[in-house]
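Residue numbers (the working numbering), protein chains in the order written: chain A, 1 to 389; chain B, 1 to 311.
In case anyone wonders, no lab produced these hints; they're calculated from the structure. Keep in mind that a hint or two might mislead.
[As the list claims (entries may be wrong)] Selected chain B positions facing chain A (in silico; Cβ < 7 Å):
#1 R49
#2 L50
#3 R75
#4 I81
#5 G85
#6 T98
#7 W105
#8 Y128
#9 S137
#10 G138
#11 V156
#12 L179
This one's a predicted model, so the numbers in the text were calculated from it and none came from an experiment. Built from N, CA and C at the ideal position, the CB exists for glycine as well.
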Amino acid sequence: MRPSPAAVWHLDPLGALLSAAGALALSCLPFVDVKANRIVPGVGHALTSVLPGQGAAACLAVLALVVPVALWVRRPWLRLAAALAGITALALALAAAATLLTPAGDRVVRIATGAGAWLTLICLALLATDAVTRLKPSPARRVLYLIVCLGVLILALASGRFDELSVMREYAVNAERFARELRAHVALAVGSLAAAVLVGLPLGIFCHRVPRVRGAILAVLNVIQTVPSIALFGILMAPLGALAAAWPLAERLGIRGIGAAPAAVALFLYSLLPIVANTVAGLARVSRPAVEAARGMGMTGAQVLLRIELPLALPVIFTGIRVVLVQNIGMVTVAALIGGGGLGTFVFQGIGQTAIDLVLLGAIPIVALAFSAAVLLDALVEVMDRTHR
Amino acid sequence: MISIENLAKDYNGTRVVDGVSMQIEGNSITVIVGTSGSGKSTLLRMINRLVEPSAGRVLIEGRDTREEPAHLLRRRIGYAIQGHGLFPHRTVEENIATVPRLLGWSASRISERVAELLTVFQLEPKTYARAFPHELSGGQAQRVGVARALAAEPAVLLMDEPFGALDPIIRAKAQEDLLDIQRRYGTTILLVTHDMDEAFHLGDRVGVMSGGRLLQYDTPERLLTHPADPLVARMTGLTDRAMRLLSLTTAAALAAPGSCAGPRIAASASLREALSELLWSGSEAGLVIEADGSPRGIVTVAAILAHGRPA
Chain A
1 MRPSPAAVWH
11 LDPLGALLSA
21 AGALALSCLP
31 FVDVKANRIV
41 PGVGHALTSV
51 LPGQGAAACL
61 AVLALVVPVA
71 LWVRRPWLRL
81 AAALAGITAL
91 ALALAAAATL
101 LTPAGDRVVR
111 IATGAGAWLT
121 LICLALLATD
131 AVTRLKPSPA
141 RRVLYLIVCL
151 GVLILALASG
161 RFDELSVMRE
171 YAVNAERFAR
181 ELRAHVALAV
191 GSLAAAVLVG
201 LPLGIFCHRV
211 PRVRGAILAV
221 LNVIQTVPSI
231 ALFGILMAPL
241 GALAAAWPLA
251 ERLGIRGIGA
261 APAAVALFLY
271 SLLPIVANTV
281 AGLARVSRPA
291 VEAARGMGMT
301 GAQVLLRIEL
311 PLALPVIFTG
321 IRVVLVQNIG
331 MVTVAALIGG
341 GGLGTFVFQG
351 IGQTAIDLVL
361 LGAIPIVALA
371 FSAAVLLDAL
381 VEVMDRTHR
Chain B
1 MISIENLAKD
11 YNGTRVVDGV
21 SMQIEGNSIT
31 VIVGTSGSGK
41 STLLRMINRL
51 VEPSAGRVLI
61 EGRDTREEPA
71 HLLRRRIGYA
81 IQGHGLFPHR
91 TVEENIATVP
101 RLLGWSASRI
111 SERVAELLTV
121 FQLEPKTYAR
131 AFPHELSGGQ
141 AQRVGVARAL
151 AAEPAVLLMD
161 EPFGALDPII
171 RAKAQEDLLD
181 IQRRYGTTIL
191 LVTHDMDEAF
201 HLGDRVGVMS
211 GGRLLQYDTP
221 ERLLTHPADP
231 LVARMTGLTD
241 RAMRLLSLTT
251 AAALAAPGSC
261 AGPRIAASAS
271 LREALSELLW
281 SGSEAGLVIE
291 ADGSPRGIVT
301 VAAILAHGRP
311 A
């Protein structure tokens, strides 16, 4: 069907907003910041002033082509392709700018992504996300897209093309520690979640079976949830420190007033409420007649729980697990303050040194981790909800 | 055969079932009818020990039900409830296979049985075996619920308001299906309902409960003609008991030799339906026709009216 003249003027509202914001950011804010070293503030440069004429023109041409697609094209696939082309062009321009602006062999000068490039990247990423949402992909496809995205990102960073960008320079210096802290971060977030599931699931089942204790248990967990994380870390230092002092074996196992132990305990305590509350809510929504029929046909109590109640409650329980995992990935960051390790170490070190690149080295992977966890678990919940209606 | 002996249940000092004794014949349908709170559901649930009796005992084929663990007892007894109680995360096939799986039947025996039951309940196996409960209509889901209860070929089937959630037309169909099923498998069925018409239509014998007590346990005819208690008379319907009585007998039973020009009446029609037909057409007599189309005889208004008086 040929679009009517009126349709030409019917702008996509999100596309219009993102196009305007991206264009404004790119023309008014610096594309890259050139810093004499890692801690001094940089001097902003525009895209056209750092790249040779042809390069800048090619990048701007691709970005200019994204705009009409964002404004008028309805097909999600085209919108996604345009956004990805824009991201690629911008990333290549950044890499080229960093390589051009770094004097050969210089390890002190830093070329950082400027506010204009960041904002344009975010606009393009939002355009891509919106296009994916409009495609309404199945859960399996969403996970596939995530894997492809992460794979391309890792390959691109490993290719060496971006090595002269300041965050990658910071990474090159800290590569070994980065791997260690990333592992520590994931281990703390997932480990405290696993412990919370191990304790919270039986506790939730208990609350469901014995309504009299439900209010009290949920109230206690609610109070824990309201304690600010940094305060809870502090509160836990004293008893865990005392435990380590009184019981050397505990100290040898890593249970001390500071370090990963109080962080893990605090994260575990925070994780309990969503797990227990969602287990109770999930079990409560299980159809009464189904449970009644299961008992009436001769299932034992354990069979009713494992074959009927838990499978039917699982989507709701996993919604709780999703909340906890995303929440934990964010909160592990703060654990660095008490020596818990994790990517937060870079964030707080960077703040201390006013080295913004180091902050980003910690913060960007945390956002990526939380985002990936959310996509994965959302897909899982949707799959379960579809088969467990 | 099921013997219920002095069965009673107390909840927090309130007696909800009070000394009920009854003999339930094998290969028959027995209906317990009563208002809500009469204790009829509790009585039913004490038979498969979903509720443990406070006093008294239940014997099935002479064996005390307390001789084996409750969950093993329940696997031998079919159980169907109002709103079907199908497992929403399992397919129709898996739902029906529940008890055979618990009993450890072989996969081939289970799939054979599932296919047989689906066919008996007029659900095309190819279409419905893999369907999930939310894809079924109310009547289909109810049929799957009964099929599931019958899956392990139980000798006894307990049904708690099984048709309560169905609309009248589907309900009538479900009742006819149940009568067919009972004849086909010879199952001993004990059904609980609050609907007196359903009780009279399905029950070979009907027990009337109120306030935890079994007021009367008898054939539908005897309940109408010889109510043992004023409450039974009121519940069975003082105003239209003659019509109820007529609905218990078929036209075939009253057919006399002869032929007439009146309306044709199906042999399986009740006398109530036959009378209605004769009144509507203004005829004194009608021709009773067998299912195969052959004439069975005639039935007259006078004969029907005579039958509507208690003997």
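Structure-based check of all given hints:
With a least beta-carbon distance of about 10 Å to chain A, the hint placing B:R49 at the interface is violated under the 7 Å criterion. The beta carbon of B:L50 comes within 6 Å of a beta carbon in chain A, closer than 7 Å, and the hint placing it at the interface holds. Annotation: interface hint on B:R75 holds; nearest CB of chain A at approximately 3 Å, less than 7 Å. At its closest, the beta carbon of B:I81 sits 6 Å from a beta carbon of chain A; the interface hint therefore holds under the 7 Å criterion.
Because the closest C-beta pair between B:G85 and chain A is about 3 Å apart, less than 7 Å, the hint holds. The closest approach between the C-beta of B:T98 and any C-beta of chain A is roughly 6 Å, which is under the 7 Å cut-off, so the hint is satisfied. Violation of the interface hint for B:W105 is found here, the shortest Cβ-Cβ separation to chain A being roughly 14 Å, above the 7 Å cut-off. Hint status for B:Y128: violated, given a least beta-carbon distance of 17 Å to chain A, over 7 Å.
Annotation: B:S137 was flagged as interfacial toward chain A, and the flag is violated, the nearest CB pair being 16 Å apart, outside 7 Å. About 13 Å separates the beta-carbon of B:G138 from the nearest beta-carbon of chain A, more than 7 Å, and the hint is not met. Because the closest C-beta pair between B:V156 and chain A is about 12 Å apart, greater than 7 Å, the hint is violated. For B:L179, the suggested interface contact is broken, since its CB lies about 23 Å from the closest CB of chain A, more than 7 Å.
The structure shown violates the earlier hints numbered 1, 7, 8, 9, 10, 11 and 12.
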